[in-house]
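> Chains as they are written, first to last, in the working numbering: chain R, 208 to 631; chain P, 128 to 436; chain B, 14 to 256.
Watch out, some of these pointers could steer you wrong.
[What the hints assert, rightly or not] PhoX-like cross-link-like pairs, simulated, lysine-lysine; straight-line CA separation at most 20 Å: (1) K402/P - K303/P; (2) K161/B - K199/B; (3) K137/P - K199/B; (4) K412/P - K290/P; (5) K378/P - K303/P; (6) K340/P - K231/P; (7) K221/P - K269/R; (8) K193/P - K140/B; (9) K290/P - K303/P.
Quick caveat, the hints were computed from the structure, so don't treat them as lab data.
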Amino acid sequence: MHDRVSKKGYKNREGGSMVLKMLTGSQAVAWAARLARVDYIPAYPITPQTEIIETLSEWIRKGEMEATFVQMESEHSLLTAAGTAAATGARVFTATSSQGLLYGFEMLYSIAGWRAPLVLVNVARALAAPITLEPDHNDVLAARDSGFLQFHAENVQEALDLVLLAYRVAEDHRVLLPAIVNMDGFHLSFTREQAELPEQNAVDQFLPEYRPINPIRASEPVAKGIPVLIPPLYSFFKYQMHMASRIALNVFREAAKEFERMFSRIYAPVEEYMVDDANTVIVMSNSFASIGKQAVNVLRDEGYKVGLLRMRLFRPFPTDDIVKSLRGKRCVVVIDQNISVGKGGITHPEIAEALYHLEDRPNVILPVVAGLGGKSISLEEFRHAVRVAERLASLKAGPDGPLLLFREDEAALVESLLKTASGG
Amino acid sequence: MSITKYRTLKDVPREEFLVPGAFLCAGCGALLVMRLFHKALGGNVVWVNAAGCITLMATFPYTPLKSSWFYTAMASAPAGAQGIRDALDVLIGKGKLDPSENLKVVVVTGDGAASDIGLQSTSGAIHRDLDFFYLCVDNEAYGNTGFQASSLSPMGSGTATTKPTHLYPAGNVLPKKDLFEIWRSHRPPYVATISPSHVVDMLRKVEKALSFKGPRLFLALCPCPTGWGTEPSESVRLARLAVETGMWPLKEAIYGEVFHTHIPSKRKPVEEYLKVQRRFAHLFKPVKNENVIAEIQRQVDDYWNKVER
Amino acid sequence: MRLSDSPILERGYIFNPSHVLVTEPSLLFDPTVKPLEGMTEGSVLFVNSSKDMLLVPSRKVCLLHRDITGLALKYIGRDILSAAMGAVACKLSGLISLQSMVDSIEEELAELGLEPDVIEKNVQLAKECYSSVESVGLRGLSHRPSHKVVEVQYLGENGIPDLLSMGNTVLRKTGSWRVLTPIVSKDLCTACGICYTYCPEGCISVDEQGYPSINYDNCKGCMVCTIECPRKAIKIEREAPWS
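So here's chain R without its partners, still in its complex pose (with noise of 0.2 Å):
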C-alpha cells in the first residue's frame, strides 16, 4: 500500500520538484499521455471515456503539447490508425471504452500481431444489451486474449503511473506488445483524487524514445501484417507473442523498481492488503477493490480474519504472485466484476488454475459475481461471501456455481421498476 501523504513542493529523491493536483481519473491519464511525450492520439468519442480526448485535444491546440490529434469517424478505424501509426514509429495513445472496445475488436487482435507497442486507456463500462453506462469488466475482459498487456487500475494516481509503466513495458524490445490501462468508468474517470504528478525530466528519464522495430520508411522497405498460411508459421508467431508476454512480467517488475526509485511508488504485478495472516482473502480489481478494503477492515472490526489481493495486472497473468498470496489460505473468495454468461466470472477459473497443483491450496476458491453495470458492492454482501466460503470450508463442500450478490432493497427496486415498465 501507498500510503505516504504528499504535500504540494514536496521534493523527491531524485531532489525533483512534484506537483500535487485533484484529478479526475480522465485528467490523470491525459497527463501520463503528455508526460510520455505521445506524437499520435487517434480519437473518437464515447461515454465515460470522452474527457480523456477533449483534454488532450484542447492542450494540442492551444500549444502546450505536441503531437497530433485525429477524429476518426469509428473505433475500428481508430485503432487501426492507431496500430499502423504505432508500427510506423510513432508514440501512439488512445482511448476508448465498452462499446467502442468491441466495434474496434478485430483490430485488438491485429494491432498485438504486428506487434505494435502502443497504449491504449479503456474505460470499463459494462456492455450492451442492455445498454448501460456504469462500469464492470466484460469489455476488458473480453480483450484477454488478444496479446494486449493489461494493467489495472484502482486510484487516479495508479492509473497515470500505470500509463508510463506501460509505455516502457510495451515498447521494450524483449516485449514489443501494444497495452491496455483499465480504469473504472465514473468511479475513477470522473472522480478526483489528489495526485501527483511526475517531474517532465524525471518522466523523460524513465521512458526513453521508443525505438521502433522495421519501422515503416523510404530507405527500408518492409511487408507487415501480411497472411501467413503455412499452418506451423501461424502457431510459430503466436506462441512468440505468448513469450513475449510472459517476459513482460519480468520487465514489469524491472520497470517498477526503477519506478519506485524515481518517484517513490511501488507497483507489484498483485496488491496485498492485510493479506499475511488472513484465513480469507477476497480477490478483486480496480475501483471497486477499494470498498473491497473498507470491507476488509470492517470485517477484521468483528472478528473475521480476512485480507484482499488486488489483480493489478491481468495479462501477463501474474501466476507466481497469486500463489505467493494465497498459498495456504483457508479460503479465497473471488469477486469477479464480470460474467461469463452460462459459466460465471472470468477470472475466477484462472485463479484456480493457478492454485490447483499446490499441495497447500486453499479448502476453498468461491466465484462470486458482484458489482455489473456499476451495481456497488455491499459490506452485507462482502460479509455474506466470506461467512458462504469459510461456512463451505468447514463442510469440506465446495461451491455450487457463482454466488450472485444481491441485496433485499435492490431487489424491491427492482421489482418495482419492472412494474412500472409493464404498466401493472
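Position chains P and B relative to chain R; hints supplied.
Chains P and B only, in chain R's frame:
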C-alpha cells in the same frame, strides 16, 4: 491542359516495382493495373491493403513488391493509411525522421472493401483530407472468396450469390453503386476511373494526381478470368471492350468537376462485351433475355446522352 | 483423397501418402510444395508428363507418367486437368469403378454449372485416362516415420512476422503454372513494347532496342501478350524445348 510526359506506350516507365511470381491468377487485371499504376507513381510507396484478392500479393515469406506493404483489415485500409501518413508527418515534423524517409501512402482494395465494408472509413479519410492515394481494383464481385456479389457487381451479372435461376433470370437484380460519384461528392482534389487497356490515359491520370495533395482516388476496371468466366488472355481485350461499349467511362473529377478523358466516337453495342463472359451467359442461353440486355444498353445510352449533350 | 473400409480418423494434410499424383513436373522439386515428402518404400508417384522422368526421386518409389495435358488438349481443347487426374487416382486405387467415377464427375461438374457438352468432354477425357493406367492397389499405412517433438524458442524481436526481403516472389517459380508457352518470333517483332506493357506479371523485359524477352521461370502462361501483339508475333507452343 498540363504538360504530360506520357504520349505513347514508348513512354511507359521501364522501372519495375513489382517482380514476377505474385500469387494471383494468370491474366489478373488487378495485377496489371497495380504494375502500371506503380510505374506512374514511382518509388517510395507504402501500399495499405484491405482483405481481397490483392491480399495474396504478399504472403509470408514472399512479396512481389519492392515497396512497403501493410495489410490492415477488410474495413479499414484508409484508416491504416491515416495512421501511417500521420505518423510519418509527425515524426518528420518533430525531427525524429529525415524527410528523405517520407513515403507516398497508397490504399489498394477490391470493390467489396471499397463499396461495402470499407465505405465508412474511406469517407472518413476523404473528409479529413488525408493526403493519400486510393486504388480500387474493381472486378465487380468478392473475387477472393469465390465471386459473391458486391455492391459494385453490375445488374444482370451472375455471381456465386446471385446465380441466375428461373426465379431470377437476370442474376443480380441490383444496380452497380456509383462509387465514382460517392467519392466525388466529398469534393476531393482528384477522382478518376482507369482501365488497364488504356495505359497512357492511366499514366497521365496518376501523373496529374501526383500534382495534388489530399485524397486522390482511382477506380480501375479489372477483368477477372476466374470470376468473369473468360480466358486469361482476354483480360486486356475485355477491359478495352468495356471502354469501347461505353460501359466503363474513362473520366476524372478535379475538386468535383468532371471531365471525360476518352469519349468513344461510336460506341459498340454492350452485347459484344456481355456475350463473351460466362457471368452474363444466362442473358444469351438458353433463350436470349432481350429485356435485360436492352436495359443495360439503355443505361449506357442514357449516361452518354447526358455527357454528350 | 483417403480411402478405407474402416472409419477414417485422419483429417487435413496427408503426410504419408501411398500414392502421389503430380500435375506439373516442375512442382516435384518445389521447396514449399514438397510433393515427395512423406513418400515411403512402395509408394506410387504419378507424374503428368510426356517425357520419361530422368530424375527418379527414390528407387523404392514406383514411378508412372502419362501425358495427361496432351489428352486434356485433345478432348477439351484446354489444360483443365482435374477430372483427368481424378480418373488416374481412381484407377490407381483399384477400388473405384469406372461407373462410379463417371457418375461423380457428372454430378460435380453439373453442380459447377457447366454445360452438358463440356461435362461430356470431361467424361470422355476421364474415361481415357482411366484406361491409360493400370491399377496398382492401395498400401496400408504400415510405416509412419517418427519425429521428435521440440519446444519453440523465443526469438524476441526476430520472431515478428515482418517481411524484409522485398521482391522475392521470383523465387517461387510460377512458370510451373504454365501449360502453354508464348514464344516471340524475332523476325515478326517490331519492338513496339505492347507485350511488355500489358504483361500483368512484368515477365517481359525489353532490351535497348525495345525487343522483348520472356522470363519463363515465372511466366504463368496467361497469353495476354499473344492476344495484344498487333503483329501476331508471339506464338503459342505446348512445351518450350528447354522445359
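> Hey, K193/P versus K140/B, does the alpha-carbon distance stay inside 20 Å?
Roughly 47 Å separates the two Cα atoms, so the pair is violated.
> Does the structure keep K402/P and K303/P at a Cα separation of 20 Å or less?
holds (19 Å)
> For the pair supplied as a hint, K221/P and K269/R, is the alpha-carbon distance within the 20 Å limit?
holds (17 Å)
> CA of K378/P to CA of K303/P, is that 20 Å or under?
Distance ~17 Å between K378/P and K303/P Cα, so the pair holds.
> Taking only the CA atoms, is the gap from K137/P to K199/B under or equal to 20 Å?
With a Cα-Cα distance of about 19 Å, the restraint between K137/P and K199/B holds, given a limit of 20 Å.
> Would the pair K161/B and K199/B pass a check requiring their Cα atoms to be no farther apart than 20 Å?
Outside the cut-off at roughly 56 Å; violated.
> Against the 20 Å threshold, does the CA-CA distance of K340/P and K231/P hold or violate the hint?
holds (11 Å)
> Are the Cα atoms of K412/P and K290/P separated by 20 Å or less?
holds (14 Å)
> With a cut-off of 20 Å on the C-alpha distance, tell me whether K290/P and K303/P pass.
holds (16 Å)
Figure legend: structure checked against the earlier numbered hints; hints not met, in rising order: 2 and 8.
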